[in-house]
Amino acid sequence: MNLNLDDYFRTIFEEQLSLNEAEQQNDSTSVATMLLEKRQEEKRVDRDLNAQKEELEKQREGFRRREEDMIIEEEKLKAYVLSYDPFLKENYSKQTLALRKAEAEKAQIRLKAHTNKELQIELEALQAREMLLEARVKKASIIQRFLESAVKMSVKFESIGQLIAHCQSILSIREQLVNKQTAAEKERERIGLELRRRKNEQSVISLDCSIKLAQQQTRLDNIRAQAYRWKDIMKRIQSTAAKETILLGQIRVTILNLYYMISKGPVDVEDTFMQLEKIHNYFLVRTGSDKMKDHSIT
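For what it's worth, UniProt numbering labels the leading residue of the sequence shown as 1, then goes sequentially.
Bear in mind the hints are in silico, worked out from the structure with no lab data behind them.
Just to be clear, a hint being listed does not mean it is correct.
Unchecked claim - No more than 30 Å apart at the CA atoms, straight line, and that leaves these computed lysine-lysine pairs for DSS-like:
#: 1; residue 1: Lys243; residue 2: Lys231
#: 2; residue 1: Lys43; residue 2: Lys117
#: 3; residue 1: Lys278; residue 2: Lys58
#: 4; residue 1: Lys186; residue 2: Lys138
#: 5; residue 1: Lys58; residue 2: Lys264
#: 6; residue 1: Lys53; residue 2: Lys212
#: 7; residue 1: Lys106; residue 2: Lys117
#: 8; residue 1: Lys231; residue 2: Lys53
#: 9; residue 1: Lys43; residue 2: Lys53
#: 10; residue 1: Lys76; residue 2: Lys212
#: 11; residue 1: Lys212; residue 2: Lys231
#: 12; residue 1: Lys180; residue 2: Lys101
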């Protein structure tokens, strides 16, 4: 609130000067008329001075109350800001902890992705082994067919014993080939099952990583939005405190300037009440001096 105190007191000085000039111009009038006018003027001046005193007292009381209110509001605002400070620090700590947790979970997701890559490499190795076993089975089948053709194309044996021994040898070789083929088939089936299991596991891990990554990104966005909101609230609080402090400073500067207009003596620039007291006393003394001059002229 900016009060035009300088204009107010300047107007009072001009009125008093105009009264003195009027008195000098009326020296040519009669003594009786002058006395009557002086008495009327004195009564009017007394009324004006009393009104001015009351107005000054009201303004002084208003200044005092306003300054007290400003001090109270300033203390409340400081307490309000200080009360928010621990909350903001706690909120900042929670946000920092949440960000660290989100980073840790992202690291876990990256680790799972790395594990998924290793599983992919192992899966490719199993696929290569499966192809190798299939080639071995195919090769064993070719050897078996070759032996069967050799038996059919073999010459006659000299004795029954040679034939039986040859047949037993062929049967033994055939049995070995069948066993190898069976083992190869079982190994191929086992690798196929393991391959399908690893593929399913890889799909589940990929889906889980994608879901967790999306959740963590959403959570991180929410934390950042909350941090920006609290930062904006803090800026508004600081802006309000700054405006109130500037207004209080303007009032104090106005009172100090008025004091320097009426006095050249030293004064504590922080003691606003003392400045108002001296301003009030100055006008009381000035009013009394004007009254004494009027009575001496009469």
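Going down the list of hints, with the structure as the test:
At most 30 Å may separate the alpha-carbon atoms for a hinted pair to count; lysine 243 and lysine 231 meet this at roughly 19 Å. Distance check on the hinted pair: lysine 43 and lysine 117 sit about 106 Å apart at the alpha-carbon level, beyond 30 Å; violated. Between the alpha carbons of lysine 278 and lysine 58 the distance comes to roughly 16 Å, so the proposed pair stays at or under 30 Å and holds. Between lysine 186 and lysine 138, the direct Cα distance comes to roughly 14 Å. Compliance with the 30 Å bound is thereby established for this hinted pair.
A threshold of 30 Å between alpha carbons decides the hint, and for lysine 58 with lysine 264 the separation of about 26 Å falls inside it, so the pair holds. Between lysine 53 and lysine 212, the direct Cα distance comes to roughly 78 Å. Violation of the 30 Å bound is thereby established for this hinted pair. Between the alpha carbons of lysine 106 and lysine 117 the distance comes to roughly 16 Å, so the proposed pair stays at or under 30 Å and holds. The hinted pair formed by lysine 231 and lysine 53 fails the criterion: a straight-line CA distance of about 50 Å is larger than 30 Å.
A threshold of 30 Å between alpha carbons decides the hint, and for lysine 43 with lysine 53 the separation of about 15 Å falls inside it, so the pair holds. With a CA separation close to 46 Å, the supplied pair lysine 76 and lysine 212 exceeds the 30 Å bound. Our distance criterion of 30 Å between C-alpha atoms is met by lysine 212 and lysine 231, whose separation comes to about 28 Å. A hinted pair counts as satisfied when its Cα atoms are at most 30 Å apart, and lysine 180 with lysine 101 does not qualify at roughly 55 Å.
Hints 2, 6, 8, 10 and 12, counting from the list given before, are not met by this structure.
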